[in-house]
Structure formats: C-alpha cells, structure tokens
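S.K.: Each chain, letter by letter, is given below.
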Amino acid sequence: MGRYILKRLGISLFVVLMVSIITFALVKILPGDPAVLALGTEATDEELEEFHAKYNLDKPVVEQYFLWMKGAMHGDLGDSIKFSRPVTVCIAERLPRTISIGLPALIIASVLGIVFGVISAVFRGGVVDNFITFLSTIGLGAPQFWLGILAVTVFGLRLDMLPLSGYVAPSEDFGQYVYHAILPVSILAFGLLASVARQSRSNMLEVINQDYIRTARANGLSESRVIFRHALKNALIPVITTIGLQVRVIFGGSLMIEQVFNIAGIGSLITIAIQGRDYMVIEGCVLMISVFVVIINLIIDLLYGFVDPRIRKSWR
Amino acid sequence: MGEIRKKKSTGSAARFFRVFFSRGIITKICFGILILFVLIAVFAPLICKLIGFGPYEQDLFNMLKKPSSEHLLGTDDIGRDTLARLVYGARVSLLTGILSSVWAAIVGILIGLAAGYFGGLLNTVVMRITDAFIAIPPIIFTMVLSSMVKGNLLGLSLVIGVSIMPSYIRMVNGLVGSLKENDYVVAAKLVRENDFIIMLKHLLPNCMASMIVTFTMNVGTAIMLESTLSYLGVGIAAPTPAWGVMVSEGYKYLVNQPLVAILPGVCIMLVVISFNICGDSLRDAMDPRLRGKL
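The listed protein sequences derive, respectively, from chains A and B.
Counting from 1, one number per residue, gives the positions in the first sequence under our numbering.
Counting from 317, one number per residue, gives the positions in the second sequence under our numbering.
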C-alpha cells in the first residue's frame, strides 16, 4: 500500500509539473507586451527595458519558466502589474471570499444531491423522481450567469427580499454574510447539485438491481436496512469522484458568480487579470487552482482505498 | 443473400430508432427542438426576410418595445429586433458548438488512439498531460486563450475545441486499451499489418458508438462555454448576435423589458438540454453497455 501511495504521489507531482508548463505556455503565447500595457504607449524605450528587466522579461522563455517555478516553490508567484503587489498577497486577500461562497455551495450540493439522487432511484418512475430528474436536467442545461441575473432580478429587484450584490465576510457579521450569500451560493450549488444527483441516481439504480440486494430482500430485511446498509454504501463510492471533480467547477463557476454578484474573489481577480493582461496573476491563479484540484483528486484516490477494500486489495 | 442482409440492416435501424425514442416523449421533444434550431440556423436569412428586420437593423423609433405585430418578440435598447437576433444567434451557437466538437474529436481521437495502441511510456505521458489539462477549469483556460482570437468564431471554436479535447482522449484511450487485447487485433499484428491500418481499420470503427455519444454531449458543453465567454465579453464580439452577448446586453433592461435577456438564456438552455438528452438516448440505442460509463 505504501508503494501505491508513493506511486500515486509521483504521478500527481508529474501532473503538477505539466500544469505549470501548460499555464506558463498559455500566458506566454498571449499577444502584447505587458510592459506596454502597464506603462502605456508613451513609455520610452528605457522605461520599457527597465520594466522587462524587473520582471525578468528580457531573459529567454525557458529561463523565465525556471525562475518562475523557482519562485513558486518558495511561495513567490511574482508581482501583479496592476495591483503592484505580490500575487500571493492578492490571492490570499481574495481566496477566503471565494471559499466562503464555494465551500457552502459544495457541501449543500453534495448532501442534497446525494439525498435527491437516492430518493429518485428508490422511487424510480414516480412523481418525485420525475420532478428531481427535471430539476437536475435544468441545472445541467441552464447557464449559470443567466440564472444569476434572473435570481437577482426576481429576488432582489422585484420581491426586494435579498440584496442585489455585494459581500460581507462571515467573520465580520455572520447574519449579513448569510443574507448576502444566499443567492450566489444557491446559484453555484444548483449546477453541482444536478450532477451529483444524476450520478447518485444512476449508481443507486445499478446497485439496486444487483443480486446481493435481492438476496438481502429475500432474507426478509426491512427495506430501509436494505437501502441504507447494503445499497447506499456501494452506490456512493463513485459519487466521491464526482464531488472531487466539482472543486474545479466551483472555481470555474466563481468567475461568473463573482461577476454577477460583484464579489471581489479569485474569479473576479482572474477576470481582471485576463482583461488587463496581468500575466503573473493569471499564471499564479491558474497554477494555484490546478494544484488544488490535483491535490483533491489525489486525496480522493487514496480515500477510495480506505472506503473500498476491493480497491485496497488491488494496490498490492 | 443480399436480401437477407438488407432485411437485417433495416431491422437494426428500426431497433435503433425504437430504443432511441424509448425514453418517452422527452427524447422526441428534444430531437424536435434540435431539428428546429438547426433549420432556424440554416434558414436564418430567409426567416429575417419574413419578419422584415435584420439582426443589425436599428429601429430607433421602437426601442425596448414589448412584443407587437411589428416586432414579434420586442426590441432591444437600440431598437434591434429580438427575434431576428435570436435567429442569427442560433447560427453562431450551433456553428461554434459543432465546429469545436469536430476539432476536438479529430485531434483527440487520434491522440487517444495512438497513445492507447502503443501503450507504455507514451501512453503514461499523454494521459498525465491530459490530466493536467483537466485540472485547469475549462472556462478559465478558454478565457485566457480567447483574448487571442478577438471575437472571431473560427478562432473561438478552436480554443473551445482544445478545452474539450481531453474528454475524447480519455474515452478513446480507455476503449483502445481493452480493445487491443482482442483476438482480431492480435491476429492483425501477427500477419504484420501496418500499425496505422490496425488503428484506423480495426480499432477506430469499434469506438464509433462512444465517439458519436461523446460528440453529441460535447456540442452542448461547447455551446455553454461559448455563451458564457460571450457573456463575459471575451467570446463572440458584440454586435454579432450571440446568445451570450444578448444576455449581457439585455441585463441592464431586465426590469423594463425582460424578454431581451430572458429569451436568449432560454434558447441556450433548450439547446444544451436537448443535446444532453439526445446524447443519453443515443448511448442507450447504440450500446446499452455504455450506460453509466459515458
């Protein structure tokens, strides 16, 4: 098992390395000179050169990459051109806001998604199943930005129940935080909930048709015992993967949610950085998110083994 | 002999359509919606001639108007006919969606095929690079790259194509990994058949079912990405009537004239859902064993 974990760790490291190369290349192929963008077209050649030297832009691309990686390993992602501050500071400032919207969304979506999916599967073909399937179809098909602006209009403008936009940190005033976070969290959770519910439903259906479930029923076990003790455990294992993948979706979704609800989080930082060609910020944010996603997936892969003895066996 | 073969093929076609539509009325509706939107996209100029307004035509006396006999779905803030813009928006969305899925399929399938067939170190490296691509949220990936293409449809479809390519690589790679153990592949190798012939003639056709299903679902994904990028202002550039652009333009007038922002969203939703559901039904019809895997 130790060997498996080690191998898995090695693979993750390689993936992170690839991510860093892709991210760096992605930003490097963008057109335009960041110096001109930062200093304006009026800048003299000397000023431009000085700028290039300051941000290592005068060095060969490969050397730039190694310098960037060297910094990244020491926790230095370079400086933001627009904010004139280290990228790590920008991220540290904004990350809590994105997490305080994304984490509740992830938790709500996972819990409700599993509950809905299981109910849907147990009462297959009934009214409840049809309703849940309908909702999850909408959740997967409706654009988040569109749902967001509709929710703002209906609940914010028409009914005047919830704030139009803005953000209050939970540490400042928890009541206000909840009041401001209801809409963004719900919109973000809706899409996730749909995919978790869908996955749970199809897994549950597959498990319910297995022989050992029939055997359990034939042995006279109560239906709730069959569902909760025998079926659920097996059905939920693949759902963990789905939930792990959703971490990526949360960061992607925060781009739209933070734009619609005017929240200064990582999503809006990336939007600003892309619009203003703030190279270091783009690189830093993409790298951070991807490394985060890789780590979560690694943890899930390892969790699998602890949850499922069959997988643990295959590790040897 | 010929007759029997013919009979058999019509039999399987009938079975295909029976299973395809067996999910009840929903698949039929979704299939109908897709056909409808494709027709709208193809005949967009004709439809605009019929309603009397082009997608760029400004009717400055009728700004932000409610639906009327003149403007069937009303007008936007500079007096452009909403219906005409929706009709042309279908063109933009479907074209981008299908094109990006085509690019992704061509390159992704070839990469997945080669990596899966040759296996070994090549396979490991290709799959780990694919993992790395998957770790970057597609919307961020496409947003960074789309600033290069400057609102150009073809360029945008390439960018979106790159971001959905990993799904093809993974799918084909997994299939080929198990297919290549089959006797017919081993036999082909024994008679020293060319590797490319084996891949294209023996392995590729066996991936067809999964490929068509993945393709259908990816068109939906691509349309969603395109409209999100257009909404954020980095996809299709205004004034081109893309649905995402229309939502972001109509946002400000959501209280006075909500149709301008609501309708394009409804269109996106209908098309994406239809592609998803048709993909599901296709999977059931083509290969029931794929259920739960794709």
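FYI, nobody ran anything at the bench for these hints, they're computed from the structure.
A portion of the hints provided could be inaccurate.
[What the hints assert, rightly or not] When the alpha-carbon atoms are kept at most 27 angstroms apart in a straight line, the in silico BS3-like pairs for lysine-lysine are as follows:
| hint | chain 1 | residue 1 | chain 2 | residue 2 |
| --- | --- | --- | --- | --- |
| 1 | A | 82 | A | 59 |
| 2 | A | 82 | B | 382 |
| 3 | A | 82 | A | 7 |
| 4 | B | 365 | B | 382 |
| 5 | A | 28 | B | 466 |
| 6 | A | 7 | B | 382 |
| 7 | A | 7 | A | 54 |
| 8 | A | 28 | A | 7 |
| 9 | A | 70 | A | 82 |
Keep in mind the model is a prediction, meaning the values are calculated, not measured.
S.K.: Now tell me, hint by hint, if it's right for this structure.
M.R.: Quick rundown of the hints versus the structure:
Under the criterion of a C-alpha separation no larger than 27 angstroms, the hint pairing residue 82/A with residue 59/A is consistent with the structure, at around 22 angstroms. Restraint check for residue 82/A and residue 382/B: the C-alpha separation of about 43 angstroms exceeds 27 angstroms, so the hint is violated. Pair hint residue 82/A plus residue 7/A does not hold up; C-alpha atoms about 41 angstroms apart against a cutoff of 27 angstroms. Taking the CA atoms of residue 365/B and residue 382/B, the gap is near 21 angstroms; set against the 27 angstroms cutoff, the hint holds.
For the hint pairing residue 28/A with residue 466/B, the CA-to-CA distance comes to about 17 angstroms; that is within 27 angstroms, so the pair holds. For the proposed pair residue 7/A and residue 382/B, the alpha carbon gap of about 63 angstroms is over 27 angstroms, so the pair is violated. Note on residue 7/A and residue 54/A: the hinted pairing is violated, with a Cα-Cα distance of about 40 angstroms set against a maximum of 27 angstroms. Between the alpha carbons of residue 28/A and residue 7/A the distance comes to roughly 32 angstroms, so the proposed pair goes past 27 angstroms and is violated.
The suggested pairing of residue 70/A with residue 82/A holds, with an alpha-carbon distance near 23 angstroms, which does not exceed 27 angstroms.
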